[in-house]
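Trainee: Here are the chains, one letter per residue:
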Amino acid sequence: MQAIINGIMLGGFYAAMMLGFSVIWGVMGVINLAHGEFVMVGAYLTWLMSDGAGIDPFVAILLVFPIMFVFGYVLQRVLINRIVDRPHLVALLVTFGLSIIMANAVKLRYTATPRLTDTALSGVWSPYGGVTIPRTKTGILVVALLIMAGLYLFLHRTKLGKSIRAAAQNKQAARIVGIDVNKIYAITFGICIAITGVAGALISSTQAVFPFMGPPLTLRAFTITALAGLGSIPGALMGGITLGLVESFIGIYVEGIGTNLAIVASFALLWVILVTRPQGLFGGLRPAEEPQPL
Amino acid sequence: MNGDPLLEVRDVYAGYLDFDILRGTNLVVHPGEIVCVIGPNGAGKSTVFRAVYGLLKVRKGQVLFNGEEITNLTPQQVLRSGIAIVPQLRSVFPQMTVYENLEMGMFVESNKARVRERIGVVLDLFPRLAERTTQQVHTMSGGEQRMLEIGRALLLEPKLLMMDEPSAGLAPSITRQIFDHVRRLNDEIGLTILMIEQNARQGLETSDRGYVLELGQNSFEGTGQELIENPEVRRAFLGGR
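Going line by line, the protein sequences match chains R and P. The first sequence begins at 604 in our numbering and counts up by one. The second sequence begins at 61 in our numbering and counts up by one.
So here's chain P without its partners, still in its complex pose (with noise of 0.2 Å):
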């Protein structure tokens, strides 16, 4: 690709206790493009993403955002660095409404002006949030929830927006309609994307390129349609045929 890597994941080790999941884990997404980690459960997808926003400690190796070591920075440190997250569990205040969320989302901006600017751009990515700002979540679909949250994630303008399991928890039809809003997403205001994904296909088809996570290494890299299309990620992964 061209130009300098946005994020990179250079030969990580990490994991909980003293048990390593991640085990040289390489990982590369370059500005404007979506990349999504495909693997089989307990592969080390999530462990990836809890170690780059500093959820967990990076025992070995280096995580570089821009050109800058952000290694075992705090989460608060990442966030202000320009990543933000959605993670797979729901992390909506779910007794608020969604414009109170929103104004979470801009806890860390203290200019109140700026954060109504930032809101009002939110809502118009997301017509299906602006028609309902005093809703109370709680009350919403699964799928508007998760809408909420990646719009939420966009308030601070970051550089990178990671997703964990977008798709959890939500019927076909819905993940169809996530998948196609990050997509115009990243065509709109060019937004770069890495994905997390257990619905391999779908994740695939919607990324510019792929990884495939097994026991803690990368064992394929590829664009989205190569992965799709590779025999052997189409056999373990992909349901065959």
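Bound conformation, chain R alone (with noise of 0.2 Å):
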């Protein structure tokens, strides 16, 4: 019973921290690499915020999206978009490197000590039985729910949010229509990072949050993409939550190999998925066919 609760808690909270990670891959085909550096840097704003002014982490997230937004939107336009449309490795190499700049920068800046916020939504709730129910870990799944919930609206009510689905489903009619590409990839990215920094904001109370935590969290971005299919938001809150399952399980019954390793399961599941349903388990943005050029 605690496994399942603490799966589906942390399977959240990978939800929304992997939707900017599959959206952005979706919509402009750019695999980012650097995806678990701007959680990173989302955590790092929420510490800077908690620890400098005082201002609660719940709180801070309302900083931490306006922020994320603007640095998502200039890079974008600055670097990302020189990418897109170039092979995949190309994209590879750059938010490879991002990541390893954006990790260092940190680094020499605020040194490698692990930080840790906290929120006035700290301590327990124990129901009935040996079962114990953490409050910010419940905050952080509200949260990671309305972050879905807010995204899947956008996309689906919006003028805005439309004219992104359908610059990711159809480029070229995107442009006959007269949408400008550009500016959709630049404000998809930046809500994209925006809601990543967010996630970081949200982990930044049960996690240390120290330059060099954003390489797994990308693999377990790659891993839910890979369950969820690209941009799939019912996707990701399925995928998030079978992956934070089964760490949570494997963390808890399997003798002797405790959390550390349970990110093993996150190639394992990957693996399992690429051989036996490349598509994902929950198709998302893309079409079936990709569409072809005008």
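Read the hints as simulated data drawn from the structure, not as lab findings. Just so you know, even glycine gets a beta-carbon here, dropped at the ideal spot from N, CA and C. Be aware that a few hints might be false.
What the hints assert, rightly or not - Simulated restraints on C-beta separations:
| id | chain 1 | residue 1 | chain 2 | residue 2 | range |
| --- | --- | --- | --- | --- | --- |
| 1 | P | Val168 | R | Val734 | 53 to 59 Å |
| 2 | P | Asp247 | R | Arg689 | 34 to 40 Å |
| 3 | P | Lys219 | R | Leu682 | 38 to 44 Å |
| 4 | P | Tyr159 | R | Val662 | 36 to 42 Å |
| 5 | R | Gly655 | P | Arg192 | 54 to 60 Å |
Stated by the list, open to error - A few chain R residues facing chain P, derived, Cβ under 7 Å:
| id | residue |
| --- | --- |
| 6 | Gly742 |
| 7 | Ala776 |
| 8 | Ile779 |
| 9 | Asn785 |
Could you use the hints to bring the two separately framed chains together as a complex?
Mentor: Below, the structure is given as structure tokens:
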């Protein structure tokens, strides 16, 4: 029972954490290997606000979102826009380099000392039995679900959101109807990075924040994307919870492995999915067949 | 024909890298006409299209629309000047509904009431689409998707509709339906159409006038019927007989 609760809470966080990765890939075809580093930067921003100005991490989200949006928007305009439409290898190299730069820049400025933020939401509920429900993680789950619902409504109900889906599904057709695809890409990147940064804010009070926390998160984003299908939000939730449950069960029930090695589960899961269902379990933003150029 | 031409392509040179596919192409479309461009593969039919629509740089010559020069404008500018395009390859958004696709066709219009009004008008012209506004587009047939592309192109009330091989990838009977519909749009709302067709006979039968494009230059010009009856055109493009 405890494993299930932990798994669902972890999974909710993973789902919100990986959405940006999946949507960026789905919309502009860029695999962002620096994804985990954006989580890290969001976490550091939160720590700075919490440590310096006493802002609760859950309140800091309101500031982290716009700051990370601007960061993402500008980064797309000056850097990522140059690698859209190039072979995957170019995007992989550039974002990998970006991840190294980001991690080391943060290390230079703030050292590698692990940080943690405090939230007023700490403590646990123990409704019955030996089961405990940590309040912070409940808060994280709630915010994660709100983010997912918000993104879903944005993509399906607003004109801007619909034009993002349109650009993802058929870029040439989007140009024909007058959508400025480059601008859409920059906005998409900004929103995705903002969500990713918020995920960093969420994690900052339950996990140590340090410069090199990114790569395992990127790996999980990869795994869940494979589970979920590109840009699928319901898929992200299911995929995130699946991975959360797998990690949590392995952590609790497999003797001598512990949570550090739980990440092996990501690899194993990724391998199994890629072999058996390479298109993902839930479909997504992309059509079954790639649209061809005009 | 009567009056000033709507579209005029004057002695245009355009191509890829430094190789010109179009070498002095001339083309005129008058208001209310259906004009069809036929020609063998590689003659530059689609290149004409791309050059007019600003997807390809015109190196020499002029493109005039409604008496104004539109040479080398961006596709967005061409769209605003009143030319809509239906490209050869699928240009629908497959995982959106018919209605969402139409909304996207009105992307450049910010007045919501006007968007609803125009979508209503287009749905009246295409009853098949009106029946399935909430259907996901990837579940519809090729012919229905083509109709949606044409309908979407009409949303912004273009003065000229350009279609690149509307019959591409469609069964002959479906092609017939598409051409009939195009003809009806021309009769009912006086839509001016420039199309490029591989399917020369059906294309010319639907059209008022036609051009034959060979090696980037026009070799024949005439009414649809004249071209169908021209022995040389018959031998080259209409399968002899």
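Trainee: Next step is simple, just say for each hint if it's right about the structure.
Mentor: A quick look at each hint next to the structure:
As the Cβ distance of valine 168/P to valine 734/R is approximately 56 Å, the hint placing it in 53 to 59 Å holds. For the pair aspartate 247/P and arginine 689/R, the beta carbons lie near 48 Å from each other, so the given range of 34 to 40 Å is not met. Range check, lysine 219/P to leucine 682/R: Cβ separation about 41 Å, and the 38 to 44 Å hint holds. Restraint check, tyrosine 159/P to valine 662/R: a C-beta distance of roughly 40 Å satisfies the suggested window 36 to 42 Å.
As the Cβ distance of glycine 655/R to arginine 192/P is approximately 57 Å, the hint placing it in 54 to 60 Å holds. Because the closest C-beta pair between glycine 742/R and chain P is about 34 Å apart, greater than 7 Å, the hint is violated. Given hint, alanine 776/R at the interface with chain P, holds; its Cβ is 4 Å from that chain's nearest Cβ, closer than 7 Å. For the restraint placing isoleucine 779/R at the interface with chain P, the shortest Cβ-Cβ distance is roughly 6 Å, inside the 7 Å limit, so the hint holds.
At a threshold of 7 Å, the smallest CB-CB gap from asparagine 785/R to chain P is about 12 Å, leaving the interface hint violated.
Going down the numbered hints, you'll see the structure goes against 2, 6 and 9, while the others check out.
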